[in-house]
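Protein chains in written order, with the numbering used here: chain A, 11 to 284; chain B, 11 to 284.
A hint or two may mislead.
It does not matter which identical chain is used: a pair holds within one copy or between any two.
[Stated by the list, open to error] Derived pair list, reagent style DSSO-like, types lysine-lysine, alpha-carbon separation capped at 30 Å:
(1) Lys225 <-> Lys134
(2) Lys209 <-> Lys56
(3) Lys56 <-> Lys251
(4) Lys209 <-> Lys134
(5) Lys207 <-> Lys56
Hints in this document: simulated from the structure, not taken from any laboratory. Since we're looking at a predicted model, the values are computed, not measured.
There are 2 protein chains.
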Amino acid sequence: MSERTVFFLSDQTGVTAETLGHSVLTQFDGRQFRQVTLPFIDSDDKAMAAVDQINSAASNDGVRPIVFSTLVQDEFRNVVRKAEGLFLDIFDVFLGPLEEELEQQSTHEAGRAHGMSNIESYMKRIEATNFALANDDGGITRNYEVADVILLGVSRSGKTPTCLYLALQYGVYAANFPLTDEEFDSGTLPDILLKQKHKLVGLTIAPTRLQQIRKERRALGQYSSAQQVRYELREAEKMFKKYGVPQIDTTEFSIEEISSRILDSTGAERRVRA
Amino acid sequence: MSERTVFFLSDQTGVTAETLGHSVLTQFDGRQFRQVTLPFIDSDDKAMAAVDQINSAASNDGVRPIVFSTLVQDEFRNVVRKAEGLFLDIFDVFLGPLEEELEQQSTHEAGRAHGMSNIESYMKRIEATNFALANDDGGITRNYEVADVILLGVSRSGKTPTCLYLALQYGVYAANFPLTDEEFDSGTLPDILLKQKHKLVGLTIAPTRLQQIRKERRALGQYSSAQQVRYELREAEKMFKKYGVPQIDTTEFSIEEISSRILDSTGAERRVRA
Numbered sequence: 011m012s013e014r015t016v017f018f019l020s021d022q023t024g025v026t027a028e029t030l031g032h033s034v035l036t037q038f039d040g041r042q043f044r045q046v047t048l049p050f051i052d053s054d055d056k057a058m059a060a061v062d063q064i065n066s067a068a069s070n071d072g073v074r075p076i077v078f079s080t081l082v083q084d085e086f087r088n089v090v091r092k093a094e095g096l097f098l099d100i101f102d103v104f105l106g107p108l109e110e111e112l113e114q115q116s117t118h119e120a121g122r123a124h125g126m127s128n129i130e131s132y133m134k135r136i137e138a139t140n141f142a143l144a145n146d147d148g149g150i151t152r153n154y155e156v157a158d159v160i161l162l163g164v165s166r167s168g169k170t171p172t173c174l175y176l177a178l179q180y181g182v183y184a185a186n187f188p189l190t191d192e193e194f195d196s197g198t199l200p201d202i203l204l205k206q207k208h209k210l211v212g213l214t215i216a217p218t219r220l221q222q223i224r225k226e227r228r229a230l231g232q233y234s235s236a237q238q239v240r241y242e243l244r245e246a247e248k249m250f251k252k253y254g255v256p257q258i259d260t261t262e263f264s265i266e267e268i269s270s271r272i273l274d275s276t277g278a279e280r281r282v283r284a
Numbered sequence: 011m012s013e014r015t016v017f018f019l020s021d022q023t024g025v026t027a028e029t030l031g032h033s034v035l036t037q038f039d040g041r042q043f044r045q046v047t048l049p050f051i052d053s054d055d056k057a058m059a060a061v062d063q064i065n066s067a068a069s070n071d072g073v074r075p076i077v078f079s080t081l082v083q084d085e086f087r088n089v090v091r092k093a094e095g096l097f098l099d100i101f102d103v104f105l106g107p108l109e110e111e112l113e114q115q116s117t118h119e120a121g122r123a124h125g126m127s128n129i130e131s132y133m134k135r136i137e138a139t140n141f142a143l144a145n146d147d148g149g150i151t152r153n154y155e156v157a158d159v160i161l162l163g164v165s166r167s168g169k170t171p172t173c174l175y176l177a178l179q180y181g182v183y184a185a186n187f188p189l190t191d192e193e194f195d196s197g198t199l200p201d202i203l204l205k206q207k208h209k210l211v212g213l214t215i216a217p218t219r220l221q222q223i224r225k226e227r228r229a230l231g232q233y234s235s236a237q238q239v240r241y242e243l244r245e246a247e248k249m250f251k252k253y254g255v256p257q258i259d260t261t262e263f264s265i266e267e268i269s270s271r272i273l274d275s276t277g278a279e280r281r282v283r284a
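Please model the complete structure; the sequences and the hints are all you need to start from.
Written out as structure tokens, the structure is:
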């Protein structure tokens, strides 16, 4: 089977085309795709250069590329459409029905989706990111009253990346607090957390997976030993049960899934959608 | 004009539906939409609950909702399709042409796009996030040899959120280094940066905007004074010119745009696409 090239074309960042294309292509098993993002196609020259790249891939691969496009400007879209590829454009497909439904013409202007059209939403994402950093790992501020969610878990259970993702993608204020010997020995969670009990979510993970992740960080020593990993996870689970903290098993989940399940479980609202 | 409700339905996280819907809706000026994400629709009960929610929004709003769906499983899609809404489904539209092009049936299985189908790509994102944190703000490790890009800029020019976004979205290793009086007084960049000159990107920002952002952090004092902000930005720009560091003005750009332009400018490769 020849390897296909997939292009993500955009007059803006290409994030939407990438996300869409990635989703659709995962529906085809056992395929490998070479992926190329061509963002900021906002001139005839760039549109023509994109056509050249698509055509060369077609000739190199011996099979035409798949082209996911979010080009809103007709003039550039019409240039690119002539390339030797399967052209799939979201605006082609969805703008028509929406214009009819909303009884309004779309603007066909580039750069709106991930543009600075909404400074307020930009600031929310930045502030949420700063919050996540300041409240990381039981960090400096412990400003849990304004948190939307507070993640609990042992070291390397996925707390930090999840908090950062929640901040950047949804503007959600996510703090995290590591469960360590201090909590295990006392068998209790600190009051500062218990006051915000409805915001708590516990992250769990399979011992073998956690061990693998910890070994990436520190190959030797107790930290990544099977015994230690199993001990910490067992104690963490006890703690979650004791306080009725909902648990999410991160073993099989991506950052997006963990985040989405946290919002689902706590009912925390997405402040923005990136 | 009555306010519309927009639903993002998914048998997984809803990220693709949100991204797609957001992109398309920004093409309609002056509209406000109430946004509701309904993820993990993976049972008849949940599909029926979604129908109820859509129908009540229709009746409350006096106008039918817009429904962006990425439901891959026909049984649930067929339930939801009957709700009182404009149903726009990416799989409806794109799977057909792709199946024909690839001469392969799609799996119609849920949970592949942002699922843990690819542990390697998950690990890359996590490792890149850890790298960004360790190399934040001229931080501890200064492991610039393995960085893909190194962002330079004054305090609050957008370095940290951009590095984290590059890590989470693309698995790119992004470090950042703050320009302060130390560099301005000497008029030089440290050798450790100059050794990696091809990885450097300078972030600039309009003085009034930077002042506004800094005031959020510290309302009073020199840090957010007009004079200080203008001085630092002028010195930073001198530095970028002196060393031929490409500049990106973040004033009007979203995190996605800044990130995409950085990759474009340095030629750094996306290690994954989230």
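Check your understanding: Hint by hint, which ones does the structure fall short of?
Key -> none
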